[in-house]
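Residues 9 to 494 (this note's numbering) are what the sequence shown spells out, left to right.
Careful, some of the hints might be misleading.
[As the list claims (entries may be wrong)] The calculated DSS-like cross-link candidates involving lysine-lysine, where the alpha carbons are at most 25 Å apart (straight line), are: (1) K229 x K186; (2) K73 x K159; (3) K292 x K358; (4) K159 x K192; (5) K189 x K229; (6) K186 x K141; (7) K159 x K141; (8) K358 x K383; (9) K229 x K141; (10) K292 x K141; (11) K229 x K159; (12) K141 x K192; (13) K264 x K229; (14) K192 x K229; (15) K141 x K189.
[As the list claims (entries may be wrong)] Derived DEER-like restraints, expressed as beta-carbon distance ranges: (16) L286 x R369: 47 to 53 Å; (17) A308 x T340: 40 to 46 Å; (18) D289 x S372: 33 to 39 Å; (19) L412 x D451: 30 to 36 Å.
Hint data in this document are derived by calculation from the structure and do not stem from the laboratory. The beta carbon of each residue, even a glycine, is placed where N, CA and C say it ideally should be.
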Amino acid sequence: MAVLLKRLLRRRRPPAALGRPLGRREASLDTHAGAAVRVRFAPSPTGFLHLGGLRTALYNYIFAKKHGGSFILRLEDTDQTRLVPGAAENIEDMLEWAGIPPDESPRRGGPAGPYLQSQRLALYAQATEALLKSGAAYPCFCSPQRLELLKREALRNRQTPRYDNRCRSLSEAQVAQKLAKDPKPAIRFHLEGEAPAFQDLVYGWNRHEVASVEGDPVILKSDGFPTYHLACVVDDHHMGISHVLRGSEWLVSTSKHLLLYQALGWQPPLFAHLPLLLNRDGSKLSKRQGDIFLEHFAAAGFLPDALLDIITSCGSGFAENQMGRTLPELITQFDLTRVTCHSALLDLEKLPEFNRLHLRRLVSDETQRRQLVGKLQALVEEAFGSQLQDRHVLDAAYVERIILLRQGHICRLQDLVSPAHSYLWTRPAVGRAQLGAVSEKVDVIAKRVLGTLPNVCAQLFSKMDSSPGAYGMALASHIMECAPPF
9 MAVLLKRLLR RRRPPAALGR PLGRREASLD THAGAAVRVR FAPSPTGFLH
59 LGGLRTALYN YIFAKKHGGS FILRLEDTDQ TRLVPGAAEN IEDMLEWAGI
109 PPDESPRRGG PAGPYLQSQR LALYAQATEA LLKSGAAYPC FCSPQRLELL
159 KREALRNRQT PRYDNRCRSL SEAQVAQKLA KDPKPAIRFH LEGEAPAFQD
209 LVYGWNRHEV ASVEGDPVIL KSDGFPTYHL ACVVDDHHMG ISHVLRGSEW
259 LVSTSKHLLL YQALGWQPPL FAHLPLLLNR DGSKLSKRQG DIFLEHFAAA
309 GFLPDALLDI ITSCGSGFAE NQMGRTLPEL ITQFDLTRVT CHSALLDLEK
359 LPEFNRLHLR RLVSDETQRR QLVGKLQALV EEAFGSQLQD RHVLDAAYVE
409 RIILLRQGHI CRLQDLVSPA HSYLWTRPAV GRAQLGAVSE KVDVIAKRVL
459 GTLPNVCAQL FSKMDSSPGA YGMALASHIM ECAPPF
């Protein structure tokens, strides 16, 4: 930071040349100069991994594997106040559970590490220093109170809140004076000039004139941590990211990111913004929905392939929408040019049927079936351990037979240890009182039946000279008449 502050006092160049505008780019998936395909999934560990994040990660994973590339997990943990304990570990655990482990990550390491943004602060400081030196960035000394007043005034006038770029015009002497009082100012990026047009691989040609509708954004906070805009540009550059596949909510920020690339003199990656995954009613998936987190589905016994199948079948990117695709089939069939701009509506009520389909596929494979036997043995032991009168029900042969017999009737392996299936593992428990009540009813029924026998026999003998058919009809009639109600 000391070096950075010294740079502030040097004569700053005018930000006239933020870089040459990008040339026309055709809608091609080819990387620049034939570089290797490298994509990243960059969630913030402010919560556990949910279905929306899984879908973004999956599309990155299958795109990388289809093109022989690398899938990178980078955790954007720069907002230290919102970090959730255990979230970073959960994200990587759930990616591994889902069968789409990263090639490089905080846990696995890799040549472009570290993979936690909080451990990459020196890179952001270097980029900020370069922007300050070129005049493309400047220090901002505005207090939180002043910024809040600007926001309130804009809202009162029914305008979009924006920074008024006040500190952009400070003289060198004013900067030096303010640095003496506030040696750690925030750094803002100078938005000026026409935003470059870019061709998104999903949404086509786009341009957002951010300078006309936004104030200069903060790129480095006073605590030395970057904001998303600077961090993602710096990290994507240094990690050699070739394609950025992210949610469509970031589409409007891409012009801002391209201006940063120009100012730093770096070649940007190709961008593909993915339509959002929504609930069936069109509402957004929310972390407040407890049932959207992957650990919920894992604990409930849903299969990873079923989740991957349902979140891709409700969207686009494939020639046909079909159930039952495995991960290798998703990789083979995925086509980024087939991804549309329409949001994907997720109907989780269909998940049990997806799971049934994938469960039957596992049962049909001998190796997978043996693994299912082991899992079901553990489930039975957990559910009925103290009630198991016959331990032979845990024998692999018996458990396998149950799976084969019931595979078409269950959606999850856990269904086989539900109360409705307890008879498969335990003997019925009947108390003395229940046995006594049954015995009483049996005695009553027996006496009534025996009491009717003389009349029945007499009537039957009287019909002996009738045809066999008449005899049978008479017998059935008398049984119905004489049998007591239960």
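Cross-check of the supplied hints:
A hinted pair counts as satisfied when its Cα atoms are at most 25 Å apart, and K229 with K186 qualifies at roughly 16 Å. Under the criterion of a C-alpha separation no larger than 25 Å, the hint pairing K73 with K159 is inconsistent with the structure, at around 45 Å. For the proposed pair K292 and K358, the alpha carbon gap of about 18 Å is at most 25 Å, so the pair holds. With a C-alpha separation of about 23 Å, the suggested pairing of K159 with K192 holds against the 25 Å cut-off.
Note on K189 and K229: the hinted pairing holds, with a Cα-Cα distance of about 17 Å set against a maximum of 25 Å. A distance of roughly 18 Å separates the Cα atoms of K186 and K141; the hinted pair therefore holds under the 25 Å criterion. Restraint check for K159 and K141: not satisfied, since their Cα atoms lie roughly 30 Å apart, outside the 25 Å limit. Of the pairs offered as hints, the one joining K358 and K383 holds, with about 24 Å between alpha carbons and a cut-off of 25 Å not exceeded.
About 18 Å separates the Cα atoms of K229 and K141, which keeps this hinted pair within 25 Å; it holds. Under the criterion of a C-alpha separation no larger than 25 Å, the hint pairing K292 with K141 is inconsistent with the structure, at around 42 Å. Of the pairs offered as hints, the one joining K229 and K159 holds, with about 19 Å between alpha carbons and a cut-off of 25 Å not exceeded. The hinted pair formed by K141 and K192 meets the criterion: a straight-line CA distance of about 17 Å does not exceed 25 Å.
Proximity of K264 to K229 is assessed by CA-CA distance (about 18 Å); at most 25 Å being required, the pair is judged to hold. Between K192 and K229 the alpha-carbon distance is near 9 Å, which keeps this suggested pair within the 25 Å criterion. Among the hinted pairs, K141 with K189 is consistent with the structure: their alpha-carbon atoms are about 22 Å apart, no more than 25 Å. At about 28 Å, the CB distance of L286 to R369 disagrees with the hint of 47 to 53 Å.
Separation of A308 from T340 is about 29 Å and departs from the stated range, judged on CB atoms against 40 to 46 Å. Taking the beta carbon of each, D289 and S372 are about 36 Å apart, inside 33 to 39 Å as hinted. Range check, L412 to D451: Cβ separation about 43 Å, and the 30 to 36 Å hint is violated.
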